[in-house]
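*Asks:* Following the hints, put chain B in place on chain A, whose structure we already have.
Protein chains in written order, with our numbering: chain A, 64 to 179; chain B, 13 to 123.
Check the hints yourself; a few may be wrong.
For lysine-lysine, the following DSBU-like pairs were computed, each having C-alpha atoms within a straight-line distance of at most 30 Å [stated by the list, open to error]:
no., chain 1, residue 1, chain 2, residue 2
1, A, Lys104, B, Lys122
2, A, Lys104, B, Lys66
3, A, Lys77, A, Lys118
Here are the computed distance ranges between Cβ atoms for each label pair [unchecked claim]:
no., chain 1, residue 1, chain 2, residue 2, range
4, A, Val179, B, Asp39, 35 to 43 Å
5, A, Pro149, B, Tyr85, 36 to 44 Å
6, A, Ser117, B, Gly28, 46 to 54 Å
7, B, Gln67, A, Glu150, 39 to 47 Å
8, A, Cys76, B, Gly28, 43 to 51 Å
9, A, Gly79, B, Gln67, 45 to 53 Å
10, B, Asn36, A, Lys83, 37 to 45 Å
11, B, Glu27, A, Ser81, 43 to 51 Å
12, A, Cys76, B, Thr91, 33 to 41 Å
13, A, Lys127, B, Gln15, 23 to 31 Å
14, B, Ile14, A, Thr80, 35 to 43 Å
15, B, Asn30, A, Gly79, 49 to 57 Å
16, B, Gln67, A, Thr143, 40 to 48 Å
17, B, Gly69, A, Gly79, 44 to 52 Å
Please keep in mind that the hints were generated in silico from the structure rather than gathered at the bench.
Where a beta carbon is used, it is the ideal one built from N, C-alpha and C, also for glycine.
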Amino acid sequence: GAVVSQHPSWVICKSGTSVKIECRSLDFQATTMFWYRQFPKQSLMLMATSNEGSKATYEQGVEKDKFLINHASLTLSTLTVTSAHPEDSSFYICSLTRTTVGYGYTFGSGTRLTVV
Amino acid sequence: GIQVEQSPPDLILQEGANSTLRCNFSDSVNNLQWFHQNPWGQLINLFYIPSGTKQNGRLSATTVATERYSLLYISSSQTTDSGVYFCAVAQGSGNTGKLIFGQGTTLQVKP
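Only chain A is shown next, with the shape it has when bound in the complex (with noise of 0.2 Å):
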């Protein structure tokens, strides 16, 4: 499967700031990444498609203005939790895929992120 690396691991911030969230794709150029978002003994919620080169779709009830999704190049997906709130606290997790059918998908490490 792909190799994905996902930044930081973990980050704590200070309510109202912003925190960014890196996605890499090691070993092939991905045109479609994904975002999730996992509350604590939850399951994974899909946030956002990010689509290179053009703006992100984002699920109902994801407010976009707050999650920014930035797909600049094929191989790096950014999420930024904009003003971060304690109830944005949760797992992040990027996921891509090979557009050729027979892969599966493939998921980044994961990112806590704790709002204090």
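*Replies:* Just chain B now, with coordinates in the frame of chain A:
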């Protein structure tokens, strides 16, 4: 949208026991995967199995696409098998559809 249901939600086993986890989905899919989430949150891909049967060591999986379910078998369970097991499916053409997760099965294997 497509619904993914996993059962049981929780499972406690004695080391050495076998178990079967089930995943039902509400529509046809072109991708189905089983993941194990470890205590650090990392999702480990167990199987890419939109149809058919695969085996990898003590784990095996079967997907019956026409009946819209998949099964994950764990044999001779070990304490390191503990964690959350997720089934996830995707639809759409090619391989760019959104991957939708079930609620997971939390497995605890006791020594």
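*Asks:* Taking each numbered hint in turn, which are not upheld by the structure, reported in ascending numerical order?
*Replies:* none
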